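Residue numbers (the working numbering), protein chains in the order written: chain A, 1 to 439; chain B, 1 to 301; chain C, 1 to 166.
Derived from the structure by calculation, the hints contain no laboratory data. Honestly, I wouldn't trust all of these hints.
[Said to hold, decoys possible] DSS-like, lysine-lysine: derived pairs with alpha carbons at most 27 Å apart:
#  : chain 1 : residue 1 : chain 2 : residue 2
1  : A       : Lys91     : A       : Lys140
2  : C       : Lys91     : A       : Lys220
3  : A       : Lys267    : A       : Lys135
4  : C       : Lys91     : A       : Lys398
5  : A       : Lys91     : A       : Lys135
6  : A       : Lys267    : A       : Lys220
7  : A       : Lys398    : A       : Lys139
8  : A       : Lys140    : A       : Lys267
9  : A       : Lys135    : A       : Lys277
10 : A       : Lys140    : A       : Lys398
11 : A       : Lys398    : A       : Lys277
12 : A       : Lys267    : C       : Lys73
13 : B       : Lys152    : B       : Lys37
14 : A       : Lys139    : A       : Lys267
15 : A       : Lys220    : A       : Lys277
16 : C       : Lys73     : A       : Lys135
17 : C       : Lys91     : A       : Lys135
18 : C       : Lys73     : A       : Lys277
Since the model is a prediction, treat every value here as computed from it, not as a measurement.
One letter stands for each residue in the lines below.
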Amino acid sequence: MLEWYSVIALVVGPLLVLMILGLPVAFSFLAVNIVGSYILLGGMSGVRQVVMNTIDSVSSFTLVPVALFMIMGEGMFQSRIAIDLMDTLDKWFGRLRGRLAFMAVGGGVLFSSLTGNSMGAIALLGSSLVPEMEKRGYKKPMTLGPILGSAGLAIMIPPSSLAVVLGVVAELSIGRILIGIIVPGLLMAVLYTLYIYVRVTLEPDLAPSFDVEPVPMSEKLHATAVNILPLGLVVFSVVGVIFLGWATPSEAAATGAFATLALAAMKRRLTWNVFSKSILGSANISVMVLLIVSGAVTFTQLLAFTGATFGMVDAIISLDIGPGAIVLTMLGAVIFLGMFMGPLPIMLITLPIFIPVILEFGFDPIWFAAMYLVAIETGSTSPPLGGALFVMKAVAPKGTTMNEIYRAATPFIICDLAAILILFFVPQLVTFPVEYMFR
Amino acid sequence: QEYTMNAVTLAPRQADISRGFAMFIDEVNAEFEGEFKINWRGGPEVMPPFGQAEAVRNGAMDITFTSPSYYSGLVPASSTMNLSFKDYDDIRGTGYYERMNELHAEQDLVFLGEVPATDLAFHVFLNTPIETLDDLDGLRIRVFPTLLPLVKALGGEPLVLPMGEIYTAMERGTIDGFMRGTVGWAEQFQGVVTHVVYPGVYRAGFPVLVNQNAWNELPEDLRSRITTFVRDDLAPRIDEIWAEDVAEGVGQMEKAGFEVIELSGEDAARLREVAIESAWTEIAKTTGDDVAAELRGMLVD
Amino acid sequence: MPSPYHRLQRLFSRLNLWLAILGACILFFAATIIFIEVVSRAFGAGSRLWVIEISEYSLLYITFLGAPYLLEKNMHVTLDLVYNSLSTGWKALAQLVNSIVGLAVCLVLAVVGIDVVLDQVETGVRATTVMAPPKYWITLVLPLGMFLMAVQFLFQAVAALRTEVS
Ligand code: NA
Ligand code: NA
């Protein structure tokens with residue numbers, strides 16, 4: 001019998017080798033899935049299973065918003081709605097260094113309150129903001145980074161599909177979790193903002209500020225009325241329809257897409273060229289993302305089949321290091337698994353074992369759930385294979401390398417780790433709002 | 001020689017219903033120690049639940065403990081296992097399980113037996129009060145395919161939604177309710193579910209499917225001893241473990257503030273009748289009238 | 001006069017493009033039916049039970065119809081960490097290895113995919129959903145996409161081999 005770490009190395013190693021050689025990520029997953037299933041799942045029957053699991057994993061409604069938010073993002077980019085937004089912000093905050101990076105975080109927070117899906121958030125913000133930010137002289141750490149960081153907030157601020165799944169798998173109150181994660185989500189946004197402020201102050205050329213001519217107030221107000229207020233229609237079409245009970249969070253992505261096209265039409269910019277480019281562009285990026293997802297899901301199932309992940313989880317809870325340290329090790333394990341596995345299987349594997357231990361230690365499970373969700377979020381933006389990184393690679397302008405994405409993501413991962421530590425030492429950030437709401 | 005088989009389950013290891021699978025696997029492994037062993041590889045994290053029966057048919061997996069409604073596309077008669085108000089012992093005597101053997105064999109699957117959970121009936125959960133069965137008219141109820149004919153027949157508006165969206169949909173009123181068992185989840189839905197309708201309908205039971213080639217590798221004597229043990233000794237005992245889960249579920253629902261709506265005797269009888277009638281009419285469309293009539297005669301008095 | 005090889009390449013290139021456009025149309029169609037579902041439900045009209053299911057199948061079709069085009073245009077996500085810093089000769093070698101591995105992967109999945117489709121035709125298995133369509137309709141698109149991608153990887157292997165030789 002191999003130890004769990006040998007098994008993980010044996011399965012993940014070849015995958016990394018193929019990817020590093022330059023084989024597209026999706027095909028690297030598929031190659032390992034074929035060989036792994038052949039060995040573990042009874043020869044050719046195993047390969048047939050790869051075909052069926054691949055199909056099963058792509059035809060999932062939870063992935064629909066990713067494709068639909070792409071239409072929104074491409075639509076805003078192609079019809080230059082995003083550019084208008086930035087021009088207007090320039091008029092107001094032209095001298096503020098890094099304003100677009102702050103806007104990306106602000107947009108991330110706003111968008112998080114609209115959607116529960118990080119991949120969708122990256123797809124939208126990445127495709128609408130990044131190209132224009134680069135045109136205005138922003139460097140990668142200040143374009144890709146803030147979006148990677150803040151898009152993850154989608155799962156931290158309700159509605160959050162992953163928080164709901166967390167509640168179901170861990171058998172905890174979903175309502176309490178949804179309240180409990182809000183402050184941690186905002187805490188992360190604050191940490192991201194602080195980091196951006198410090199970084200652009202130390203390295204001013206990452207985010208140029210122009211000496212803009214003073215703009216008269218009337219022009220500022222006019223630009224705001226024309227360029228920002230109509231965006232309220234788009235925001236309403238996503239968040240409003242959920243709030244009013246007209247649509248589920250996934251369906252709201254479709255109303256958002258149509259509202260964006262409608263806004264482009266109202267601005268008389270929805271030419272056939274803009275429309276077809278938006279749809280083709282969003283289809284292309286959806287294909288890239290979905291093909292990777294199809295490979296990654298089956299890969300994760302294979303890894304679960306080996307029992308290596310269970311072995312790791314068992315090894316952690318039997319460590320002799322005191323309750324607090326075990327909690328931190330658990331969260332570390334979640335981040336580690338997130339580097340090459342999707343969130344749902346990680347939850348299915350770890351939570352049923354972790355939660356009883358947390359209860360036995362006498363900790364508040366909602367507090368743990370909040371930190372756990374931050375850890376899941378961190379894992380999904382962590383190199384080498386965090387899922388969010390691939391989505392960013394798919395939407396980022398041509399020529400963006402994976403290395404640049406890794407480097408841009410790293411500081412935000414450190415912010416996430418800081419957030420986990422803060423929550424660990426100040427549990428009241430989670431428990432107080434929950435107690436207040438559920439008195 | 002000890003024969004080992006890999007198994008997956010529709011639910012993760014620690015889920016409440018998995019208690020039945022654990023008992024099945026533990027007891028079989030103890031009873032046939034040294035001869036036969038089931039190696040439980042995990043649940044949906046290992047293999048997608050709706051693909052498990054096909055995986056067993058293909059030989060990628062040896063055994064699955066699945067839901068009758070998860071593979072009705074492969075064996076149309078499978079979902080009949082839910083469509084009854086009888087318990088395991090009553091059904092056992094009718095020859096239903098032997099007939100299921102034959103129907104599964106037509107699709108190259110071995111039907112080893114059932115992990116019964118008769119006590120786990122399906123209930124309607126709502127975010128709005130009703131008084132009579134007629135009040136369900138026009139309400140939007142989230143269902144899975146087996147329950148669709150019933151909700152339609154009651155005048156409800158059936159909806160299909162992914163599991164992960166039910167909470168928000170209930171909270172925001174996108175749906176008015178959903179149908180589900182009562183065990184092990186009430187606390188999670190505190191605040192969005194306000195009412196639960198009694199009585200429940202149907203029964204739960206989980207088929208145990210085995211790959212044909214893997215099964216045929218076992219000596220005939222061992223196969224028959226396993227089958228006998230599973231069907232005549234083990235399953236009846238598993239059917240009795242659920243009472244305490246149901247009681248615990250009732251306690252949880254109370255704690256979560258679900259208000260019980262007890263239908264009048266007349267309405268309850270009509271609910272049962274509609275449940276049977278609507279579902280079996282639907283079954284006949286896929287299995288053919290003869291098979292449906294034969295199975296219905298075994299499962300419904 | 002282009003060589004038969006080039007004409008073949010052009011033929012597949014056309015096909016890839018048309019399938020990608022078809023995929024994009026399916027994406028817009030899926031967005032439209034979900035939008036109509038939301039609007040009509042808000043106005044009190046009933047729910048169409050097939051909307052979610054159709055949009056799920058749409059995702060599958062979009063993926064495998066669009067993937068060959070993206071492969072042809074080298075747009076699939078790669079982990080370009082080491083690859084970008086390789087010299088031209090090594091790059092061509094890595095390209096050759098990659099295209100052969102890719103070819104093998106796609107060919108295996110195309111062949112096994114067809115086998116699964118034929119089996120599903122024979123057993124008549126249906127999806128376990130409200131619409132319950134025959135499963136081979138769902139599976140069919142995978143071997144199609146995989147076959148076209150195998151062809152692309154073959155072209156890539158030939159191109160890499162030519163660079164290697166020259
Ligand atoms: Na959110
Ligand atoms: Na983040």
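Hint check:
1. A:Lys91 with A:Lys140: holds (23 Å)
2. C:Lys91 with A:Lys220: violated (52 Å)
3. A:Lys267 with A:Lys135: holds (23 Å)
4. C:Lys91 with A:Lys398: Given that 27 Å is the threshold and the Cα spacing comes to 19 Å, the pair holds.
5. A:Lys91 with A:Lys135: holds (17 Å)
6. A:Lys267 with A:Lys220: holds (19 Å)
7. A:Lys398 with A:Lys139: Roughly 14 Å separates the two Cα atoms, so the pair holds.
8. A:Lys140 with A:Lys267: Violated, at roughly 31 Å.
9. A:Lys135 with A:Lys277: holds (20 Å)
10. A:Lys140 with A:Lys398: holds (13 Å)
11. A:Lys398 with A:Lys277: holds (16 Å)
12. A:Lys267 with C:Lys73: violated (33 Å)
13. B:Lys152 with B:Lys37: Cα-Cα ~44 Å, so violated.
14. A:Lys139 with A:Lys267: Measuring from Cα to Cα gives roughly 30 Å; hence the hint is violated.
15. A:Lys220 with A:Lys277: violated (31 Å)
16. C:Lys73 with A:Lys135: holds (24 Å)
17. C:Lys91 with A:Lys135: violated (31 Å)
18. C:Lys73 with A:Lys277: holds (16 Å)
Going down the numbered hints, you'll see the structure goes against 2, 8, 12, 13, 14, 15 and 17, while the others check out.
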